[in-house]
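Asks: Quick mapping for you: the protein sequence lines, in order, are chains A and B.
Note that the first sequence ends on residue 278 in the working numbering; no numbers are left out.
Note that the second sequence ends on residue 615 in the working numbering; no numbers are left out.
Heads up, some of the hints might be wrong.
[As the list claims (entries may be wrong)] With a straight-line cut-off of 27 Å between C-alpha atoms, the simulated DSSO-like cross-links for lysine-lysine are:
1) K392/B x K273/A
2) K611/B x K272/A
3) K273/A x K492/B
4) K494/B x K609/B
5) K483/B x K609/B
[Unchecked claim] Ranges between beta-carbon positions, derived for each pair:
6) G488/B x N69/A: 51 to 61 Å
7) Q85/A x L477/B: 52 to 62 Å
8) Y547/B x E35/A: 35 to 45 Å
9) E164/A x A554/B: 24 to 34 Å
Since the hints were made in silico from the structure, they are not lab data.
Positions of the beta carbon are idealized from the N, C-alpha and C atoms, including for glycine.
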Amino acid sequence: MAECNCENPLVPSMVEVVDIKDETPDVKTFYVRSENGGVPFNVMPGQLAMVSHVPVGEGMFSVSWQEENDHLQFAIKSVGLLTEQLHNIDIGQMIGVRGPYGNGFPVEECKGKDMLFIGGGIGLAPLRSFIKYCFKYREDYGKITIIYGSRSYADLCFKDELFEKWPAMKDTEVFVTIDNEEENWSGHVGFVPSYLQEINPDPQGLIAVTCGPPIMIKFVLQALEKMGFTDEQVITTLEARMKCGIGKCGRCNIGSEYICLDGPVFNLAQLKKLPPEW
Amino acid sequence: MKVMKKAKVEKVIEALAKEHDVYVPIQRGAQTGFFSYRTYNEDYDDIMLDTLNVYQPPKSIVFPQTEKMYGFKSEGQKINIDQVFEESEPKIIFGLRSCDLKAIDYLDELFFTKSYEDEFYRARRKSTVMIVNACYNPGTSCFCDSMGVSPNEPENADVLIHDIGEGDFAWEAKSDKGEAVTELIKDLLEEQEATLPTLKNFKRKVDYEGVAEKLKDMFDHPMWEDMSYPCHNCGICTYMCPTCYCFDIQVKTAGEEGYRFRCWDSCMYREYSQMAGGHNPRELDKERFRNRFLHKLQFFQERYGEPLCTGCGRCIVVCPAGVSIIKVIEKVKEADV
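In isolation and in its complexed conformation, chain A is listed as follows (with noise of 0.2 Å):
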């Protein structure tokens, strides 16, 4: 269990926000670091901090990479008050974050094994972590293999590593799709689970992590199963709307399971124990 280093949990520690990228018309990434440098705390693969624009709200969002002890990233999609709000901020603003929170994905367990990473959509960016994870400790794992999808070109996060970087590593497949035609799009059209099928990767010594929308998330965790995945073999990181972040404020629980605290990262052995409300 990582433990928070702030005096009071529910307090954050203020950061700035050092560069800002845009991703998709709707997803931009920030780039944030301690007022005295580096990191306000170190995160591992998987694991969540809680963003907050501090004059507008808070929200629960996944790590999308600590670059050493340089400065963290969050990936964020436009989608509701708060998110809109950080949208309309400028580099050098300065916002709350506190943390880490949560398990994490299991990246000393999959040390040896051939990785499948499965996103849609914003879901790339808490996968991005424990890929670039794999990549900076290469020789750890096994051979990649992304599969990742969006609504449209546009809407694909990530492109320089999707298109440039990934796929020049070594021994690492990438296998992009987008959901409909498109002009200028010469690539696979079609839904993530369909084309994982297609693909039909050989579960032999394969772990499969994946994240997307919650629907996604159900058909490829059926389609896994049906290609003949043991439980154990599949991993998905979850979300939930979080006040909180330390198992205390009630509403992220499935079961008697926090997602914030027990998750966000689950196994399929681990979900099909819980109610199915995520």
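On the provided structure of chain A, position chain B as indicated by the hints.
Replies: Just chain B now, kept in the frame of chain A:
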């Protein structure tokens, strides 16, 4: 045994109120609840030490309905958190009942265990002394003993008082905090022989045995549809419950400054789990109803080892639709799985 005579009760409260904010069960107009003795108006208010349960439980004293967390000021792009409001004024809850004390034990479990500790709650809780009024004559909607609560021998009371008749109370300090407040009023207590009353039988019994275990296989049971049908999802049960603790965190901003606060929330409301993107894992009224009862009877039990219900009976009394946690438990017991 130390005894607080009827004629001295108000003097004791007054004496304690010199150094503490003392909360007393009071009938005030149409409402009853634990109100600060500082607001006591003898022309209108009645102190109710002979009533079993006032409507509003005392949880708000350690966990207020609305509570400031921290204040901030902005200056251009700079924002400073300049105040953290951890409230630790000495407080006494005078005359709470065992069920409500047990409910605060559950809040302690929630806020102090399973990783992070809640500093806002800690500040209030540690500065609060519990003077518990032992129950010997359970009411018509009381079922605390069925939920594992002892009405007359509660754990974790700082002082335990016992109604020994004629409005007199036997007074027993039960902890260091209790000894300390007893010291403040020792001149107002008398030493005398006193016989404690005998606990009368409960009129209501509920069989909670095995319910948490059985509920594991009842998530999709049709009883949830039937039982939730009359529920308006109004949330009054959650506000009057001494154990319900779900909270929201919101912000109040005016110009360049503001503060973040938390306030009670209710799992009965759609917004409780509504996500910004539109997805809601508990969209239906029935799903929220089921989650509330599963939380009380199964999930909290699984996580903390006890049910999140102390048998105070308030939710049954206040529900405009006749929903009863006793009936829910009975249905679970009867159900074919």
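Asks: Could you run down the list of hints and mark each one as holding or not?
Replies: Checked hints:
About 21 Å separates the Cα atoms of K392/B and K273/A, which keeps this hinted pair within 27 Å; it holds. A C-alpha spacing of about 25 Å is found between K611/B and K272/A, which places the hinted pair at or below 27 Å, so the restraint holds. At most 27 Å may separate the alpha-carbon atoms for a hinted pair to count; K273/A and K492/B meet this at roughly 15 Å. Restraint check for K494/B and K609/B: the C-alpha separation of about 14 Å stays at or below 27 Å, so the hint holds.
Simply put, K483/B and K609/B have alpha-carbon atoms about 14 Å apart, close enough for the 27 Å limit, and the pair holds. Between G488/B and N69/A the beta carbon distance is about 53 Å. The supplied range of 51 to 61 Å therefore holds. Evaluation of the 52 to 62 Å hint for Q85/A and L477/B yields a pass: the beta carbon distance comes to about 58 Å. Evaluation of the 35 to 45 Å hint for Y547/B and E35/A yields a pass: the beta carbon distance comes to about 38 Å.
Taking the beta carbon of each, E164/A and A554/B are about 31 Å apart, inside 24 to 34 Å as hinted.
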